[in-house]
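Student: This is what each chain is made of:
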Amino acid sequence: MIVVACVKQVPDTTQVKTDPVTGTLIREGVPFIVNPFDSPALEEALKLKDKYGFRVVVISMGPPNTEVTLKKALALGADDAVLLSDRVFGGADTLATSKVLAEAISKLSQEDEIAAVFCGRQSIDGDTAQVGAGIATRLGYTQLTLVDQIQELDLPIKKVKVRRKLEGRHEVVETPLPALITVVREINQPRYPTVPMRLMSGDSEVKLWNNSIMELPTELIGLEGSATQVRKIFSPERTEGEILGDGENNPDEAARLLIDAMLQKDIISI
Amino acid sequence: MSANTLIFIVIFIISIAFFGWSCYHRFRLVALGKSDNRFKDIAKRIWSVIYYPFAQRCTISHGYRFGINHAILFWAFMLLLIANTEFLLHGLAPDYISLSKLPAGAYHTLAWIFDIASIIALLAVCSAVIRRLVFPPSYIDAKSGDAFIILGLIATLMIAFFGMHGAEIAQGVEKAAGYMPISAFTGTIILGGMSAWALETAANVFWWIHAIVLLAFLNYLPYSKHMHILTSIPNCFFRSLEKVNTQPREEFAKGNIYGVERVDQFTWKDLFDSYSCTECGRCVDNCPAALTGKALEPKELIHNIKVNMLKNGPGFIQNKEPVLSLIGDDKEGSVSEEAIWDCTTCGACMEVCPVFIEHVPKIVDMRRDLVEMKAKFPPELLNFFENIEGRSNPWGIAPEKRTAWMEEAGAKPFEAGVTEYLFYVGCAGALDPRSRHVTVATAKVLNAAGVSWGVLGKEELCCGDSVRRLGNEYLFDVMAKKNVKLLKEKGVQKIIVQCPHGYNTLKNDYRQYGADFEIIHHAELINSLIEQGRLKFNGNGDFGKVVFHDSCYLGRYNSIYEQPRKVIAAVTNKEPAEMERNREKAFCCGGGGGRMWLEESVGDRIYVERTEQALKEEPDTICTCCPYCMTMFEDGLKDKDSEDSVRVLDLAEIVAAALE
Ligand code: SF4
Ligand code: SF4
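Here the protein sequences come in this chain order: H and B. The opening residue of the first sequence carries number 1 in our numbering; numbering runs sequentially from there. The opening residue of the second sequence carries number 1001 in our numbering; numbering runs sequentially from there.
This is chain B alone, in the form it adopts within the complex (with noise of 0.2 Å):
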């Protein structure tokens, strides 16, 4: 055995057990996060991962062009890291293990495509370079000093590779030096004119190079942003299989803890998730918060709960108290009070990261400490949760108010056996003067199709949608319970919502409390009443160019993208016009996720900016599908001094205007 391999087993074996050690003390912290099982379905959960990060259809996806720099860098790693298995391997064992050693056919093919590979790596790292030094996207780190160092190995990894490659070639050594084009360039045009010692000596010079490189970035992974090379894999295998449009339960008993104050009540999957995060920034890209100026980021919000667990983590192994707080300590590692109640619980975030984090529920989580272990929150909010645990509506109204849109829209109580569909109305349906119209439109659309439909009236109770995204789950928790109770002894089984928050509740979240109704949308009852012919309109709905608004709920959380366009475009005879960002990247209003409630004093304002983006496109009419976005954009075209020109419009009042 030559010296150089045996210096060369020490490093490797030190260098191998050092990278064992720091993924040890890494992965180790994961387990500290309580338990959630991400096991089942297995089939599903490979195929996540084959059509994923395998197909990078992660990171082209959302229009995200540059995505396909990183497939390309992808690709050629995955080729190579085959070829650096061998590298290393040969390294330890140069007479035993060499691809030399294959048959020629197969040798020479796998030659040139490490060869290829290789070119191609340096190139996309090449462009990468350049794209963060001359024309960086905002939404990322472009100077970040780790993408620099990791840009950096894989460069000089490529490079050695061609110099000892090239050596080789120019020694006359390499049997394959025909299949490796750009190995041969270099070393025919560069290293050609080079005594036999000198191209001895670079070939190994190279080597080394190669090699201690090799084991350097190997090492450098966990330490880095990079570290998702490790873990996004893995991350999109556990990803949920369903959309994340709803939160966990909570037990309530005597000694129980609810909501996350500390680290280690995340679950393992929540402590994974931060360990896989790119740094991408694409969620900050679409977070209606971070981009109109608020404290909250989700890229940083997972970035700091994975700084608090490498600092926490290690003492809660042997159960010490926290140093550093998770919500509230002004430094990093810690996430703002306010951060936390500036999400609007849009799902953007979540809808375009590569790598499946889930950053709602996560934000709940913080949430429900505050209002449910620390009864801290913003003060607008005291009154709100006290109007609902009272009235059971937000505005505190009395509930006999619920009624006062019957008489004009002839409705009738729901009776079971009699009635087809419960029309569930909704806080804002029943008591918001404005929505009140939308409920009226809904109702006269309802009887010109011949649906038979009915209402609860003054026994109607709230949802629960906002109460729940703010992390009041206990509140939540008897709202559900009672409301579930409701429909069923009233004997409902499809339910009508015309409000994208209740729909939500009603189909997602109340499966929890062992609800099935069948909960159907207006806008897509419409449209299949539409498309069963059971609705004809007067072909002159006069609405002038009508602009689209996606509401969360119903896009992102539920996936109805097409149904309320297909309703507009049989109406008017014309596709809407869209916004810039519309389906899986429409802007959120503001209201969500019970911000609806909540002041919005810092920075711009979200349903302003939303509004702008709608105005870009000169509608005569907003269209939307959302008691929360009609109020929005109501209050944005005025801020715009654009409400007598623009209109906001529910999709079921365009539909009743223009009924035959």
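Looking at chain H on its own, in the form it has when it is part of the complex (with noise of 0.2 Å):
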């Protein structure tokens, strides 16, 4: 059986800024990471994979240099690893995006049976959320968003039961595999590669599947296939609040006016 984990390159968005004429990120020389929330996602696939010995296959749209990120996964533990990537997939929102993804994992699905297919919950540079939806959606598959805890995977009749994080308390669900799992940070902590596995990865192949592998018609990815279209960034303006002290140099002083500022307005008390 398979489990996939999709996860996503981004833009370190600690340093990221925008460019205040265009409205537009600035990404010229800033680093890539892998999204913060699909490594607890590529962990929870490798847990089952040390656990059940099911062969994990990572996924990721991007444009080619997303090999890199590809590669720290299979320093991982993760099996084979995918890059979905050219030119007519580019510009794709979450909807195109999700139907590139979704036709990979069926495409996958003809190798072998796939258990389940971990997201992280978004994205640190989009921050919609939308993708692991659409993607359940396509492939038919039950989503659990959320997920903080796999509490028990049933093979024989091919079960999951996960507890969702909401807020302000747990949901325990159960439903059937295939599943789309969403899962929170708090799920789990990521492993570190170690430096054999990391050699190894060094060597190994990703998989490039570019749209002559793939043959979607173009009106249903990347710019032409998406319904929506990002505008302009900005950072909104403060209209209120104000910012006490200059934290960055003087963390004790900005501490003491925040607590002086509480006291006040009766926040705290001593």
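Calculated directly from the structure, the hints in this document are not laboratory data. There is no bait here: all hints are sound.
Here are the simulated EDC-like pairs of lysine to aspartate or glutamate, each with C-alpha atoms no more than 20 Å apart in a straight line:
# : chain 1 : residue 1 : chain 2 : residue 2
1 : H       : Lys51     : H       : Glu113
2 : H       : Lys71     : B       : Glu1386
3 : B       : Lys1638   : H       : Asp252
Two independent chains are provided; combine them into the complex using the hints.
Tutor: So this is what it looks like as structure tokens:
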């Protein structure tokens, strides 16, 4: 059985600035990282591999340099990595993206049965949390979002029981496999690659699936297949509140000012 | 040939054969270790043996005054080695070999020396026994049975010596009687009234006691802690001739093994070290981890390596699997993961170890196994490693923030050919709000002295010290290569470093990567600027009583002790106050070896302990030269509610504040 983990390579948002004129992200010179929400998704897939011996396939849609991120996943123990990369995939919104990913997963399902697909709850650049749901819809899988614990996996009857982390409460749900599971970061502590695995992943191959392999009609993918488009990105003006002190250079003073302010407003008391 | 001689020859041959067999079985295990060239510079090595074991510099150093007792015993032992060799040879061939066949002058002198040496040895044994029973120091296993067996054997040997010679003197057969005061005393006072037959028997009995005990002692050695009698002198010969302030590199290629998981993955010298431990406990007496109740005890660690080798070694020779894990079996002969992570790599153990055992590389080797082969480490480190790997600093702060202090200090980018020094600011100096003040102060001092300097700004990368000490050699290797390449490309030749960890890494670790920059710590540079008269002080630097704390990586790792003290004296017109543990024996702040990034949940906090030691001197200012020490003391003062009465300043801040 296959467990799929979807990962996304994102710009390191702490180092991203927006261009005040064009309103777009300045991506030049910004390092790329694995979407931090996706690492626990991969980890959860790898844990199932450790326990049940599933084959873990990690997939990602993105530009060719996404290979680096996929190699990292191989170093962590993924068995295969598939990179969905083609000019015609570019400019995709969540709808078009989930179509390509869903198609890739259904191609994988021809190789072997899929037990589950793991995604991070959302990406740190788009923040939509729609791709996981989109994949589930297109594949007809049950979707379990915001999962913080896999409680039971019953392979003979093909059922999974998970705990979802909701605001102020937990929800335990059970569903037949295959399922699409999006995870929250609390679900696990991702592993660190061992050196032999790193060295091995350096030589192993990331499979490149472009559209001549995927054979998707261009009107369904990329910019053309997208229902939405980003017009502008900007930091909203602060309309209220005030910044106390200079937390960056003088954290002690800033903390003192904050405490005083909170005392004054009766938010805290001594 | 008499029956006595015949029996003795048989016993002697059996004993020597057994001793040889024991030694063979013990030492062949050492050969299991990996290679390590310890034969370079033979002249220096011979000098080491003369200076340390023979002059007993090893035992009386570092204020261990009782070491003098060991020195006395050692020298008595050395002299008696000649006496005992003669004794054994005489026993084998009584008619041919005897000291008495020497010219009278030589014979009498030797007889006198041996007699005196024997009584001195006996007294030294007595005082050792009294010390162990009456005022045992905390760092030795005072009631160890092994120690009493050995002391008992030596004492018996000495008593038998006097008994034997005393009886001979009483019999009137000892020609050197006049030169053997103690034996003569035994002969006349104690054995004086005995009959000729009784004297003959006594002489015989004492001779046999002496012979048997001597051979028993020899055969007991390889099985006891006193094996160090056999190994410590060679261990001093094979010691590292340079300070152990770096770690060996690893070769990264497929199929290689990283770190040490099995005892035979240590070097032969590591294994030999484990045979050389004298169990003196000095390492424990100076280890910040052991003294604050952690799982790590350096002595125990070495002992466990030895036990593990003894248990697994014979099997390894026959390619069998280990019967006891080196790491993580909760048994004697196995080192706990907790202990491996407890070490601050402060080097205090290595500094005081009389037989030059190298603890830190062994600990880092085991960390390498955990990190590189098993990816098994305290959870806090995951973020740390990822931050370093992703953003080249421990906190994961965006690299362009490294320039935040530059405007205030008027810092300019380094330009080859134009700027003389690169000021390598370091992660803390650039990104930690408290340490940024130190950076600004250093810059102010450099400007005041007219030093030409520049920085790399946001291009500066983490040096990788913690990464290496935490055993992530793979990551360190990547970082070191990048840094050396960057520095060379920039045309850097001289580098000022204000963090002892960066200093040590650039200076000692990067040498393995072909770096040959001139590295200078700001304490050294400021001291030489003062000596050159390039800094003028206003004379009213008010720092109150200043106590100076030695950073491990500046002091023990790089022998920079006096320069910062001279700077303080120049600025304040007063020598700094000293804590009881200072210079070579300074107590670590707890932040080295990557411990800065780990929780400290067991036992007392090391930084609190060191802060208490500083507060004992009732200082107004604690002066450090290291960003980790700075953080540790500031935290410690908060813990002790003293942050308002005592302040922590970096040396550069003291100097900057006192500038004219
Ligand atoms: S280096 Fe320091 S902390 Fe580590 S064992 Fe030695 S004395 Fe203890
Ligand atoms: S390791 Fe060195 S300092 Fe520690 S007990 Fe053994 S001989 Fe003494």
